[in-house]
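**Student:** Here the protein sequences line up with chains C and S, keeping their order.
For the first sequence, this note's numbering begins at 6 and goes up steadily by one.
For the second sequence, this note's numbering begins at 96 and goes up steadily by one.
Just so you know, not all the hints are guaranteed correct.
Straight-line Cα separation of at most 25 Å, DSS-like style, residue types lysine-lysine; simulated pairs [stated by the list, open to error]:
{"id": "1", "chain 1": "S", "residue 1": "Lys443", "chain 2": "S", "residue 2": "Lys253"}
{"id": "2", "chain 1": "S", "residue 1": "Lys558", "chain 2": "S", "residue 2": "Lys545"}
{"id": "3", "chain 1": "S", "residue 1": "Lys545", "chain 2": "S", "residue 2": "Lys101"}
{"id": "4", "chain 1": "S", "residue 1": "Lys265", "chain 2": "C", "residue 2": "Lys291"}
{"id": "5", "chain 1": "C", "residue 1": "Lys126", "chain 2": "S", "residue 2": "Lys558"}
{"id": "6", "chain 1": "C", "residue 1": "Lys126", "chain 2": "S", "residue 2": "Lys443"}
{"id": "7", "chain 1": "S", "residue 1": "Lys265", "chain 2": "S", "residue 2": "Lys190"}
{"id": "8", "chain 1": "C", "residue 1": "Lys182", "chain 2": "C", "residue 2": "Lys291"}
{"id": "9", "chain 1": "S", "residue 1": "Lys253", "chain 2": "S", "residue 2": "Lys420"}
Cβ-to-Cβ under 10 Å is the rule here; a few derived chain S residues that face chain C [stated by the list, open to error]:
{"id": "10", "residue": "Ser246"}
{"id": "11", "residue": "Leu274"}
{"id": "12", "residue": "Leu281"}
{"id": "13", "residue": "Ser314"}
{"id": "14", "residue": "His468"}
{"id": "15", "residue": "Gly470"}
{"id": "16", "residue": "Gly511"}
{"id": "17", "residue": "His536"}
Because the hints were derived from the structure by calculation, they are not lab data.
Glycine residues also receive a C-beta, built at the ideal position from the N, C-alpha and C atoms.
Here is how the chains run, residue by residue.
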Amino acid sequence: MRAACAARTPLVIRGGGSKDFYGNPCKGEPLDVTSCRGVVSYDPSELVITVAAGTPLMEVEQTLAAAHQYLAFEPPVHNEHATIGGAIATGLSGPRRPWTGPARDFVLGVDCINGRGERLKFGGQVIKNVAGYDVSRLLTGSLGTLGVILDVSLKVLPQAETEISLIADMPLDRARKFIQDWSGRPVPISGACYYQGNLRIRLSGYESAVMHTATVMGLTPEENTSFWQQLRHQSLDLFTTGGPLWRISLPVTATAPEDFQLMDWGGALYWSKTDMPAERLRDRVKSLGGHATLYRDNGLNVPRFQPLDNGLLALHQRLKAALDPSGILNRGRMYSEF
Amino acid sequence: MPDAMKTLIEQLSQLLPADCIITDEESLRPYECDGLSAYRQLPGCVLLPETLAQVQEIMRLCHQHGVPVVARGGGTGLSGGALPLAEGVLLSLTKFNRILHIDPVQRLARVEPGVRNLAVSEAVAGYGLFYAPDPSSQIACTIGGNVAENSGGVHCLKYGLTVHNVMAVKLVTVEGEVLELGSEALDSPGLDLMALITGSEGMLGIVMEVTLKLLPLPSGEQVMLVAFDTIEDAGNAVTRVIAEGIIPAGLEMMDNACVRAVEEFVHAGYPLDAAAILICELDGIDEEITAQRDRMVELMRACHAADVRIATSPEEGRRFWAGRKAAFPAVGRIATDYYCMDGTIPKKHLAGVLSRIAELSKEYGLAVVNVFHAGDGNLHPLILYDISHPGELERAEELGGRILEHCVEVGGTITGEHGVGVEKINQMCIQFSDAERQQFHAIKHAFDAKTLLNPGKAVPTLKRCAEFGAMHVHRGEMKFPDLERF
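Next comes chain C alone, as it looks inside the complex (with noise of 0.2 Å):
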């Protein structure tokens, strides 16, 4: 790295691919982390996990689950090949997100490489920690712009007792005031959807506490319980299939777009396929509070995030500089600016 910041050789940082499809694409010679791989130390009464960026997230969520924990912000695994750093790198949280909180919410601490080739470590392994700056938090979703995760130091949760998935037909609207006034209740909801015309809730916590619930809610327990792994996992088939797709965050209680798919994150996220030209699409859901990502674009030629304000592009430049001075680092990735 030290030699790639000297001659300025822009690096493209790669685990194992899973998520090549998210973000701007960007050229340069790969720089291949797969190699740092393992779990570094694991104590589960500490409520805290280190491990190798490298370490496949299957490999983490079973050495979770043996002892009763899990990644309670639920990053997407699309496939066997994904990578904890993959995870941290992009931030992508799942559908337990407005409950428990995204990813950079569970990072403690990182090794790091910044773009100068310095080995620098931030944070720590405990869960309060307020020496210096949180920049373990900043590398969170910055998509490899500003350094080179080695290890990462995330809490962890015991898994719940139960868990149960809960369904109802209804229409939209319906859906979304249920959702509303039941978020406002002490209640162990960890997920709210809608999707082809159903409302699911799950709800995970203590059996009593969880079945409680379930009854007062009066909504239909589903046997199966697999389409919130799918959820989770992207692998419903609105994921995968063709066109282009967009992820759009709002405020909960902003319209929902005209066109969608599928409403996540208790109303706070939406999938869409819509072909409302993206300039258009953009200015509309920022002027509700959100913004719009081309999650897989499909050929559609558009920058995949939405541009940032002129003061805020420039101190994102002055950020990217201050970790990255040679622009080395999966340049183009997040804005083509930096």
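Following the hints, complete the assembly by docking chain S onto the known chain C.
**Tutor:** Then chain S, alone, in the frame of chain C:
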């Protein structure tokens, strides 16, 4: 008064009402320190702006004249983060004390930075909601300060720190521009600047508006008090609870010295012969509480608890908590002065670290009382001293420094929730390498190229660390020779 400051004040007096500018010594005095009163410095002037436009103009002028700015909220910080600079402006944000908007459906509150932490939970309680981070200074500390310090509290094991409960901020930059970071949606395009701003100790910008996440109030709670004959048993019990998959809303520990001090003060009914006690709070809906409580009782007995008391009424629960909440003032009664530390360690080292603290306490001849957020390993050893005894404050600070260094040694950190400020700036040299600290400086530079925002705090210069290192060698005991420091 330096010329730059004189010109600045002249220009500011065109802009701000006269009572928003303080320059006379008597009125500057209350601003000379924050909660860390061992460090005092009169600021060049204090400004109390009333509008966002005024703050922007103040920042523009300070930037133009190269005058440093220290932002201040409630002034309750414990690390000297709001310690003024003689040649600088102290920017007090206490007039920005309005709750701008409460949205019970989205469960958000948009507030100004001078709103007190507890005022938020009070304002939203009618909707069945609360704001989770609850630092012990919550009646006085402000949301702006909470964002600056990434404040925690007794409930953050379950509900997270400030960084987990803040959705968006309106930031005024050092040049006086407004940036909107984060949003009411659950994510935003670009880098996670909210993570960077939270806990940045006023070094990157001035927070002028904060959107807070609110949570549904649990419908019930159950408080327990558990006594142990040895510190080791208490430490093991904490570890076991977490390993068994229980995440209590609060899990606090006090050692015998602390138990005695608080019992004498508030008469909470604590067992005076216990080596350590745990206060545990479980919350949720009734079914959840019952399930957790039964498992807790079983676990505590298995961990050799000498006594397990379950509060039978909300009053009794409040009494169990009263002692913990009064721990600092109670210690204030038995000692002339105390110095509060804030290290965090992996929980498995609790017993070991406590015995190391006891050794150090003996070595320095200063008593240490221990109270801490056991669930997340955040220790608050209180070092007792008397400032009127020459040299005792310095000894207390040195002892504190050694406790923090020991926290780093076992894999922890020098500050869990109070921030670095000026207090722990030397220990930053031990926790971070030169390259890491340089990276912090480069990040600051991206926001504040002239180093005008709260300069000298949070991240030490290379020179300061070199001097600190030399001091350690001078005492004839270079610590952690394996750590890179130069």
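**Student:** All the hints need checking, so say for each whether the structure fits it.
**Tutor:** Consistency of the hints with the structure:
Taking the CA atoms of Lys443/S and Lys253/S, the gap is about 19 Å. The hint holds against a cut of 25 Å. This hinted pair checks out: Lys558/S and Lys545/S have alpha carbons roughly 18 Å apart, not beyond 25 Å. Among the hinted pairs, Lys545/S with Lys101/S is consistent with the structure: their alpha-carbon atoms are about 20 Å apart, no more than 25 Å. Using a Cα cut-off of 25 Å, the hinted pair Lys265/S and Lys291/C holds, with the two alpha carbons roughly 17 Å apart.
Taken as a hint, the Lys126/C and Lys558/S pair is honoured in the structure, with Cα atoms around 21 Å apart against an allowance of 25 Å. The straight-line distance between the Cα atoms of Lys126/C and Lys443/S is roughly 22 Å, inside the 25 Å bound, and the hint therefore holds. Using a Cα cut-off of 25 Å, the hinted pair Lys265/S and Lys190/S holds, with the two alpha carbons roughly 16 Å apart. Our distance criterion of 25 Å between C-alpha atoms is met by Lys182/C and Lys291/C, whose separation comes to about 23 Å.
Distance hint between Lys253/S and Lys420/S is fulfilled; the C-alpha atoms sit about 18 Å from each other, no more than 25 Å. Hint on Ser246/S holds. Least Cβ distance to chain C is approximately 9 Å, under the 10 Å limit. Because the smallest distance between the Cβ of Leu274/S and any Cβ of chain C comes to about 6 Å, under 10 Å, the interface hint for this residue holds. The interface hint given for Leu281/S holds, since its Cβ lies 5 Å from the closest Cβ of chain C, which is under the 10 Å cut-off.
The interface hint given for Ser314/S holds, since its Cβ lies 5 Å from the closest Cβ of chain C, which is under the 10 Å cut-off. Annotation: His468/S was flagged as interfacial toward chain C, and the flag holds, the nearest CB pair being 7 Å apart, inside 10 Å. Of the supplied interface hints, the one on Gly470/S holds, with its beta-carbon coming within about 9 Å of a beta-carbon of chain C, less than 10 Å. Of the supplied interface hints, the one on Gly511/S holds, with its beta-carbon coming within about 4 Å of a beta-carbon of chain C, less than 10 Å.
The beta carbon of His536/S comes within 9 Å of a beta carbon in chain C, closer than 10 Å, and the hint placing it at the interface holds.
Hint check: no violations occur; every hint is consistent with the structure.
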